[in-house]
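S.K.: Sequence lines, in order, name chains B and V.
Once you know that position 468 of the first sequence is 588 in our numbering, the rest is easy, because the numbers rise by one and skip nothing.
Once you know that position 33 of the second sequence is 153 in our numbering, the rest is easy, because the numbers rise by one and skip nothing.
FYI, nobody ran anything at the bench for these hints, they're computed from the structure.
Careful: at least some of the hints might be erroneous.
No distinction is drawn between identical chains; accordingly, a pair holds when it is met within one copy or between any pair of copies.
Below, computed lysine to any residue pairings styled on SDA-like, alpha-carbon distance capped at 20 Å [to be verified]:
{"#": "1", "residue 1": "Lys765", "residue 2": "Gly736"}
{"#": "2", "residue 1": "Lys768", "residue 2": "Gly637"}
{"#": "3", "residue 1": "Lys755", "residue 2": "Phe592"}
{"#": "4", "residue 1": "Lys364", "residue 2": "Asn677"}
{"#": "5", "residue 1": "Lys136", "residue 2": "Val192"}
{"#": "6", "residue 1": "Lys483", "residue 2": "Gln498"}
{"#": "7", "residue 1": "Lys693", "residue 2": "Arg239"}
{"#": "8", "residue 1": "Lys676", "residue 2": "Arg634"}
{"#": "9", "residue 1": "Lys355", "residue 2": "Glu725"}
{"#": "10", "residue 1": "Lys210", "residue 2": "Ala694"}
{"#": "11", "residue 1": "Lys160", "residue 2": "Gly637"}
{"#": "12", "residue 1": "Lys364", "residue 2": "Gly443"}
Protein chains: 2
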Amino acid sequence: MARLTLEQYYNFIDPKSVTIIGVSEKTGPGMFHPLQNMLKDGCQARIYPVNIQGRDILGQKVYKSVLNLPEVPDLAFITVARNAVLGAVKECLQKGIKSLIVLSQGFDDADEEGKALQREISQAIAGTGTRLLGPNTLGLINALDNFHVSFVDSDVPPKASGVICQSGVFLVGSADLTAGMGVGIDIGNASDIDFADVLSCFGQDPRIKIIDIHMEGIRGGGDFLEIAAQVSREKPILVLKTGKSETGSKAAISHSGSLTGEDHVFEAAFRKAGIMRMADLEEFQDLNKAFLTYKGLKGKRVGIITISGGAGIAAIDALSQYGLEVARLSRETLERMQEFFPPWFQVTNPVDMWPAGVKKELKEIYVRLLQILLDDPQVDAVICIYGANKMSGFDPMAVITEGVISEAKRRTDKPVLPWVIGINQYGISRELEQSGVAIGLPNPERIARVLARLYQYHHEIKDRSEEKPLVFQDVQRQLVAGIIDNARKNSVKILGSEVLEILQAYGINVISTRLAGNKEEAFLLAGEIGYPVVMKISSPQVVHKTDSGGVRLNIKNETELSLAYDEMLAAIKANVPEARIDGVFLQKYQPAHLEVIIGSKRDEEFGPVIVFGQGGIHAEVHKDVTFRLAPLTAKEAREMIGELKSSKMFYGWRGMPAANTDALAESIGRVAQLVVDFPEITELDINPLAVGADAVVALDARAVIK
Amino acid sequence: MARLTLEQYYNFIDPKSVTIIGVSEKTGPGMFHPLQNMLKDGCQARIYPVNIQGRDILGQKVYKSVLNLPEVPDLAFITVARNAVLGAVKECLQKGIKSLIVLSQGFDDADEEGKALQREISQAIAGTGTRLLGPNTLGLINALDNFHVSFVDSDVPPKASGVICQSGVFLVGSADLTAGMGVGIDIGNASDIDFADVLSCFGQDPRIKIIDIHMEGIRGGGDFLEIAAQVSREKPILVLKTGKSETGSKAAISHSGSLTGEDHVFEAAFRKAGIMRMADLEEFQDLNKAFLTYKGLKGKRVGIITISGGAGIAAIDALSQYGLEVARLSRETLERMQEFFPPWFQVTNPVDMWPAGVKKELKEIYVRLLQILLDDPQVDAVICIYGANKMSGFDPMAVITEGVISEAKRRTDKPVLPWVIGINQYGISRELEQSGVAIGLPNPERIARVLARLYQYHHEIKDRSEEKPLVFQDVQRQLVAGIIDNARKNSVKILGSEVLEILQAYGINVISTRLAGNKEEAFLLAGEIGYPVVMKISSPQVVHKTDSGGVRLNIKNETELSLAYDEMLAAIKANVPEARIDGVFLQKYQPAHLEVIIGSKRDEEFGPVIVFGQGGIHAEVHKDVTFRLAPLTAKEAREMIGELKSSKMFYGWRGMPAANTDALAESIGRVAQLVVDFPEITELDINPLAVGADAVVALDARAVIK
């Protein structure tokens, strides 16, 4: 199905004429009556109610069938019981209606019968050029043009935002959840119109400045990401992803597979596309207000002016929690401020204005200090703290209007965020809201979170460079294709030693590995390789080699080799009785301070997810792992190394030489290229990859192919 | 100074008579005038204004000196400039006034002159029996008896809470910060009355049901904790600790010292005393409402009734984030509910009532389903989700009054928490507030956080058992005292090998260690111990043995020993040229899968903090460390093991045998006893302690004594 065009989109959100099919004769309070709601809202479109009785409702002429309508309406809103939906859709098609909304529920959201009905509807519209929203949608609300099609009425404060959701609560509750909205579309079961369609149109609609997504799950993730990656350069995209269950990853065979939960995949996908994921509903609401109010944020240096030293300290804690800085004020600023204070008080940031303000004109001093703070070139944003109490005649509203609002208007390049203690008193919230230049949040943590997100959008998302994914030309694609074909012919699903060959073909340094069929061959090969050596069992049945006793490191001589060989074979026979033993692999033993894991897991919607982490205990116990969607840019590969909790171990830790992170980043990039080139590889582990000061080398690897 | 008595406390918060010293003649708006505020509030106490002019103010007779007053007032409120405070205090003492509040600032909070002034004031009141609040306090507010002494006026909603703070903003902003209060006391610089004093009185004041503390720092931490540990069994104590700077820990010499930041100490102290630490101001406010509303919470199983499936999913995410459970409904409950739903809809928890409610009597169904949910014995609390919109005549207030409030009154044993989307509309917040049986929070995360805290208080703090600290009788205290005395005589501050002797004297299993003065002795001793051995340098100047090349593990024979010996001496000479080398220590090499660190750091306020963590990389990179104040109960020692992020490694991980956690917990307890018995030990490290299936053994240790 082609993408929803802008013309089709306007047909849905602002039609000239609309038919409501299945209008109930029961009207009045509590009846969830779309016609009644539209009339109440003063809908400008021509409305054609349809039901089988054909008797007037609410003074409106009702038609017995859509086929009888005097014109072809732009939009049909179908509200009949689920068994009647297919018939209604077919009549709409016959009439030539191009936009359908199916509100009715009981389809993919319900039982097998419902799923079958939804398939039939999809088949009916396929190839007709008619587009369908739903089924199981609450409809859509266009507050910008006052067009609501929904069986609930709602008072939506119009804002320059677009909402795409999978639950109607984000339409009817938008006043609270997203602080109002411009256009909201519930895609419901998304049998036709989906996230990508609406996102693409919101991206083009000039009245939409910020896009909100509520997502429970997605089909067609690739298209969605591609569109989002473009749109996010122009407009902030905020997502609230709900349903964080991790059941999906339990069936994984590889280490990478089991490390990659469903939620990690979404996290990686959102990051790739420049989508900002909201921690909770409160952040969703706060960020909506912030992005529609503040133009930008130049840096992380925050000035604080406060009527309470204690509250200033709380604000410092909040800034530090969100990675922001307490601005160091310039000498000039400090000198200009000091004259307001008694000599025993040394002014600094936070500017505790209480010692200056007592028994003087509190408001004037507050405003003056705020001006001086905003003038400081070393200050990027200002938090203004004071109380909403009208204490001793001090009028907090005057601080808002003559201070916060007037200064925010004067310097639109620097966000001014008041923390008014008691914000909801005395109409301060409302006054701020209406000013359009500052927002009111009730605590410093939420203020700092907003600032951190403004910084993130304006510095890391909006103007991000168009880096191309890494593509290495020296890869031997045919060689890999041959190995995979061969495995498939033999119905092999889990690849072991062959994976090192595949990696080598893709330019990843792998350890030289020799297969010895018996103990005598092992002596011979170990002599050629040179002690110390590593010995590993070769058996297709042994999946977890270390756990089964199939790995021995640092074998120093023939005596140790002989003993290790016997012990290993005994261990495998005991632990994996069904194992067919092909012999043992021998490798040079390379003790490495650092061993990492690079892997991949193919996600059905988003394609290969690249996994990178410190090896062993770090990954398994501390979950010190990071994720990205393939393919990777050079920047992304480097970022993955830097964002491990234990990343300092790469950069010359405790006197160890720094690791060759260039080679490491390259290996990560090559793995990404490999799994993009070969979708047959559903899971891949390099575990471990030894990382040294000079080079990196894959010591063991495994893959699952389909 | 003795603790503040209840009689003294009432003298402060509800005096029969009060003098205000330093009353300004300038009255009117913006003058921060305590007399004016008291008169406006209708203060019941007899008020005696004092200033040097002695002219009437606001129709009140003004005295020139406190010495001229016609009676001895219960309380004096001193507001003069800092240089006049000492004189005013002395006159109050002369008059025989027993309670003083010094509002003036510029003392310990300011420069050296101010610090000296504060000392003089303290000396003046010492031994007189007069108590002093401040200086640098905003005063106190007693909303229960309508007595406010403060230079700001404020409208405080009276609640059954007591507030102790170090910043006046928690008094004047209490409507917002703690959702009102009963009695609020700003201890200011706490030159006399401190946290422990007020906490003790709040604990005894029957009108106070919950105690709120704002703390920036504390002196006299031990007393405070002792009182808090008693009070927290009766009343929830909530603390907002601000100022999380970590500068204090940088000077530490030991590993334990550097791992223990100032904030960890507070964290451990609060836990010890059953104090709940608030994450932010929002939690502070929410928990105040919750503890004054809900009686308790029996378990973690939460039922959800929702008008939106999507919002139900968001609520599940929130429950999981805070360790709560989505209740499994009983079969009977499900059967009773199913009759409200169409046959294609299978009811479950969350109970998505939309399919039942459409086109029926939404409110009646909602209330009925809520009743059934509350009746289920497998449900401990219920979250009710619906929208505040008056959609299609659906009246959300009716759901509140006839549903939430009436059901919450019927079943006070099960908290009912509404998530009303758009809570601030239509007066729903106010209606809930006034009901006294349910609170309104704007998102599921805050609701889940409240439930988790209710569970914590009622299951882990309120009725916690009175376990006695571990005291082992078999310790050799004299032996340790001798070692420490000896070190002091020799001006040794950092103890090395002696620490193993100290540990052994306290019943901790240590590895046998022998000192070899030269290579020949090393051969001899290694032979006696039996290869493989560990060799460590013995030198008082070598503090970081491993980093300086002073540790060699797994030496297998004489050849390796000889080589290692030469290399070690060369390394030490190169790395620590000033080192005096006493020889090398030899120990049996005991490879251990698990190595932990047990340590201690003495905090000036709270005494010894016990540190426990996985050794090496776990502690240093992943900060996988936990903290408790000494002494420890057996339960606390076991908890420390269990709460490491990597704790599963102790319990038979990846086929390894389970570690002897009994022996490990005992060792932790013995370390705690040691550092309690010997306050001279300011820092202590056992690093590593090898943990095996049978026993634990300290391999190396270090201590700092003062």
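S.K.: If a hint holds in the structure, say so; if it doesn't, say that too.
M.R.: Hints, verified against the model:
Both within a single protomer and between protomers do Lys765 and Gly736 lie at most 20 Å apart by alpha-carbon distance, with minima of 14 Å and 15 Å respectively. With identical chains, the CA atoms of Lys768 and Gly637 are never at most 20 Å apart, being 42 Å at best within one copy and 39 Å at best between copies. For a Cα distance limit of 20 Å, the shortest separation of Lys755 from Phe592 inside one copy, 15 Å, qualifies, whereas the shortest one across copies, 58 Å, does not. Taking identical chains as interchangeable, the C-alpha atoms of Lys364 and Asn677 are never at most 20 Å apart, the minima being 52 Å within one chain and 56 Å between chains.
Proximity of Lys136 to Val192 under the C-alpha cut-off of 20 Å is restricted to the intra-copy arrangement: shortest distance 10 Å within a copy versus 84 Å between copies. Proximity of Lys483 to Gln498 under the C-alpha cut-off of 20 Å is found in neither arrangement, the shortest distances being 24 Å within a copy and 57 Å between copies. Taking the shortest alpha-carbon separations for Lys693 and Arg239, neither the intra-copy value of 52 Å nor the inter-copy value of 81 Å comes in at or below 20 Å. Taking identical chains as interchangeable, the C-alpha atoms of Lys676 and Arg634 lie at most 20 Å apart only when both belong to the same chain, with a minimum of 17 Å there against 30 Å between chains.
Taking the shortest Cα distances, Lys355 and Glu725 never come within 20 Å of each other, neither inside one copy (24 Å) nor across copies (52 Å). In this homomeric assembly, Lys210 and Ala694 never come within 20 Å of each other (Cα to Cα): the closest approach is 66 Å inside a single copy and 89 Å across copies. For the homomeric pair Lys160 and Gly637, neither the shortest alpha-carbon distance inside one copy (85 Å) nor that between copies (99 Å) is at most 20 Å. With identical chains, the CA atoms of Lys364 and Gly443 are at most 20 Å apart between copies only, with a shortest distance of 14 Å across copies and 26 Å within one.
Consistency note: the structure conflicts with the earlier hints numbered 2, 4, 6, 7, 9, 10, 11.
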